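As you go down the protein sequences, you meet chains A and B in turn. Residue 56 in numbering that gives the first Met the number 0 sits at position 57 of the first sequence, and the numbers go up by one each step. Residue 238 in numbering that gives the first Met the number 0 sits at position 239 of the second sequence, and the numbers go up by one each step.
FYI, nobody ran anything at the bench for these hints, they're computed from the structure. Careful: at least some of the hints might be erroneous.
[What the hints assert, rightly or not] What the simulated footprint calls covered on chain A by chain B, stretch by stretch (three residues with Cβ under 8 Å from a Cβ of chain B suffice, anywhere in the stretch; the number is not a length):
1) 5-12
2) 15-27
3) 32-40
4) 43-51
5) 67-74
Please read these numbers as outputs of a predicted model, since none were measured by experiment. Built from N, CA and C at the ideal position, the CB exists for glycine as well.
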Amino acid sequence: MTDDVIETGEGNAGEAKELDPETAAARADAFGRESRRELDERQERLRTTRRSGGPDLDAETEASEDEDVPDVEPTEPEEEPGPERAA
Amino acid sequence: MPPVTLLKNIALADSDTGGQTSTVGEPSAAVNGDEIFVSGNWYATKSVDGGASWTFVNPYTLLPSPGSDFCCDQSVIYDPGRKLFFWLLQYVQDANGTNVLRVAAKKGGTLADDSWHWWDFSPKETDAAWAAEWFDYPDLELSDNFLYLTTNSFEGEEWRRSVVFRFSLDELASTGELSFRHWSTTENFSLRCVSGAADVMHFASHNSLSQVRLFTWPEGDDEPTFRDVNVSAWSAGTFVARGPDGANWLQRGDPRITGAWVVDGRIGLAWTANRRGSRPYPYVRVVEIADTHVADRDIWSPDYAYAYPAAAPNEQGEVGITLFRGGNAINPEHLVGAWDDATESWQLQLTAGGTNGPVDDKWGDYLACRRAQPDGSSWLATGYTLQGGGTRTDAVPRIVVFRR
């Protein structure tokens, strides 16, 4: 394993910034919700495939009915949805 | 007798989330008695009456901008030791292609107000050599004395490294100067810390389709060590689980580890694996590693897919889980459950069905399962379904408190 594979270090983020209650309340009141159009566009921009990296897992994959899988029984849930229950 | 008892099964309304839902829902939750703080991909919301009522919290505007807009990928967690809520927010890349992660904190018992302390972390300030990178897919976990932030780091679209930050909970509680240690690797993608850690944190990532790398970081050590553990072979590749409306809700699914826990030194890992052999749909691969012994505890069905597991142990060491199922005749649905030692099986309970799959085939990317506080015997889990349509505005997030 080479030195650049793993790095360690330490840092300092300094003093915390603080939003005092009055400012926070003012900001909560002053700003509205994101526009539906902006969020629809954001949904549109979401990648179909997630970013990935590391070992190339996909390269080894060719599904076959002959492949072994752990000997585990199928999982059968309780099919009735749980009751809607608040507090 | 139901497999688990749902103590609360709460559907969030548009007024609770500001309507800022996505089909990539990413709900997370933190609980301190009647205080519940919930985040999604693009919203946050809070309750101070045990979930009976909710107040929308806008992550785009509540906190001042660090220089770029809020993006996404939030996570929240509660530390009962220091009585602290933590809120993790990811911001968008600036003109230089880099961004910040923000860790905000507030005392338990004060969730009603909107006052937070926060610290920002950028790749450049972590390591000058990372100046062109940006952080993505962050997550939070806790041990007795530290908060851990894991994240991937990309340069453009290229993955560069996975990073673990470790922060002192005492320093976070004092809201003063915050020192931290960080550790990174360019070999393993998407590190996942365990829930239930005490004085040793464990985290893991895949080495291959039959081996995981298990890292161990004692609280008293400056850096982690690792060992490689062979597991039964599984498959990756493009996931397909089309539902009754043709939507492939797992199109953006991948096999990164999304659930991890530790109980008495035994490490549990869970991820979504692709169809293989006699299993015709993607399923949840679960392994429990105890020294050299590896037990398989997969969750699968011959009729539909399971995906996106998250899990946590309760005070008794029982493991609770939250996940989705869907495909074939079933639209994406949410379930919770627990491992039953007596039957050596997962006992799952449906919390809500769905009326649709996502019209754009986008789902995920994670759920959250927390040990409830102060009742450490139960769990708080997140989920969501689509109700009445297949677009982002039809997503209904769900908060579930359950016990065995």
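Evaluated hints:
| no. | hint | result |
| --- | --- | --- |
| 1 | 5-12 | holds (count 8) |
| 2 | 15-27 | holds (count 10) |
| 3 | 32-40 | holds (count 5) |
| 4 | 43-51 | holds (count 8) |
| 5 | 67-74 | holds (count 8) |
Of the numbered hints listed earlier, not one is contradicted by the structure.
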